[in-house]
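Sequences listed follow chains A and B, in order. For my numbering, count along the first sequence from 1 and bump the result up by 40. For my numbering, count along the second sequence from 1 and bump the result up by 40.
Hint data in this document are derived by calculation from the structure and do not stem from the laboratory. All values reported here derive from a predicted model rather than from experimental measurement. Don't take every hint at face value.
Identical copies carry no separate label here, and so any pair may be met within one copy or between two of them.
Dumping the calculated SDA-like pairs for lysine to any residue here, alpha-carbon to alpha-carbon at most 20 Å [claimed, not checked]: (1) Lys216 x Pro70; (2) Lys47 x Leu139; (3) Lys216 x Pro72; (4) Lys55 x Gln150; (5) Lys91 x Gln165; (6) Lys91 x Gly110.
Take a look at the letters that make up each chain.
2 protein chains.
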Amino acid sequence: MPFDYIKDPAEIYRKSFEIIASEVELDRLPQPMAHVATRIIHACGMVDVMKDFAFTPGAAMSGIEALKRGAPIYCDVEMVRSGIIRRNLPANVEVVCTLNDPRLGDVEEQNTRSANAVDLWDNLQGSVCVIGNAPTALYRLLERMEDGAGVPALVIAMPVGFVGAAESKDELTRNKLGCHVISVLGRRGGSAMASAAVNALTILAGMAE
Amino acid sequence: MPFDYIKDPAEIYRKSFEIIASEVELDRLPQPMAHVATRIIHACGMVDVMKDFAFTPGAAMSGIEALKRGAPIYCDVEMVRSGIIRRNLPANVEVVCTLNDPRLGDVEEQNTRSANAVDLWDNLQGSVCVIGNAPTALYRLLERMEDGAGVPALVIAMPVGFVGAAESKDELTRNKLGCHVISVLGRRGGSAMASAAVNALTILAGMAE
């Protein structure tokens, strides 16, 4: 028995976005954020993630300008890095994940490996930081910002899970640390949503093919 | 202001699983599947994903035996491959993603790149196939199975999204193609849940450290 399914990638995208637009009141968002929200919803298959969507005014533009400037993108896990479409980015943009950096060693000291990896993000000032997995990585980023290590142009804050995910995102939005934020609050998040947000920015910037 | 958060990885896991067990009736599942479900819920932060959880009786054991035998793990996207914890696997198990295989060329012909990539999965018989992103990859896998290309030991079927995700998973569970299945039905799914299911099997098998 042949299976009947849509095989044209452009048509799959078009239909997906049409369904999302029909189920979500996207016009409640400013235009750039409506596009980011659409891509996040597309990545997770859940329209109700909209209710947890949070951002600072101007966050999309701040992220776009950083990418155009060639700022690095720091990712907490390899899954986030894998999800970022490299061909959409300017060639000089580094997509960095330090979780498997040999400098970290094999032993987790004082904090999780995900958090220790954030200590290796050398150029925080003006960067784009993407947390798609570990709440402890987001907490460590907040600590470093408080310690004066630099203010990212944008923090895409989407750690996921039951311990610290909601709390770390609340801390980020509660504390006025001067950075722009795009977040999915609560327990939900993940590397697919986080990398989708980056990809949305590259498309908005006209960087994509 | 110092941030107060749990930094001990073992304690974060313990507490996460405690919360999941308190919110989900895991004992409605046979033991191996309760562990797989816990890991999937842990990966997505959603306890209600349980209602979409589906599997064939014996699926976990079939997957474990395949991994112990050294069967390949085929992944539809790099994000799934990144999420699979390699150090938990026997050294002879290959984790394969053909999405960026040069044999595919640059042009999408007749079907999506994700679907064409499935045509390069050379040893389907007895393998573990993990679909964490593309419905078209799952459809293509079903077509290949119908064409006699081999029966996987386990299909972890978790494509995500609005076009074809629910439908392709319904086809897999409706058609009796002889393979074991672990799935999250409906629009939800994704590479984090899919790789979490693989990691759960390696832990159940005693392969993990």
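Consistency of the hints with the structure:
no.	hint	in the structure
1	Lys216 x Pro70	neither (22 Å within a copy, 48 Å between copies)
2	Lys47 x Leu139	between (36 Å within a copy, 16 Å between copies)
3	Lys216 x Pro72	neither (23 Å within a copy, 45 Å between copies)
4	Lys55 x Gln150	between (48 Å within a copy, 18 Å between copies)
5	Lys91 x Gln165	neither (30 Å within a copy, 44 Å between copies)
6	Lys91 x Gly110	neither (32 Å within a copy, 44 Å between copies)
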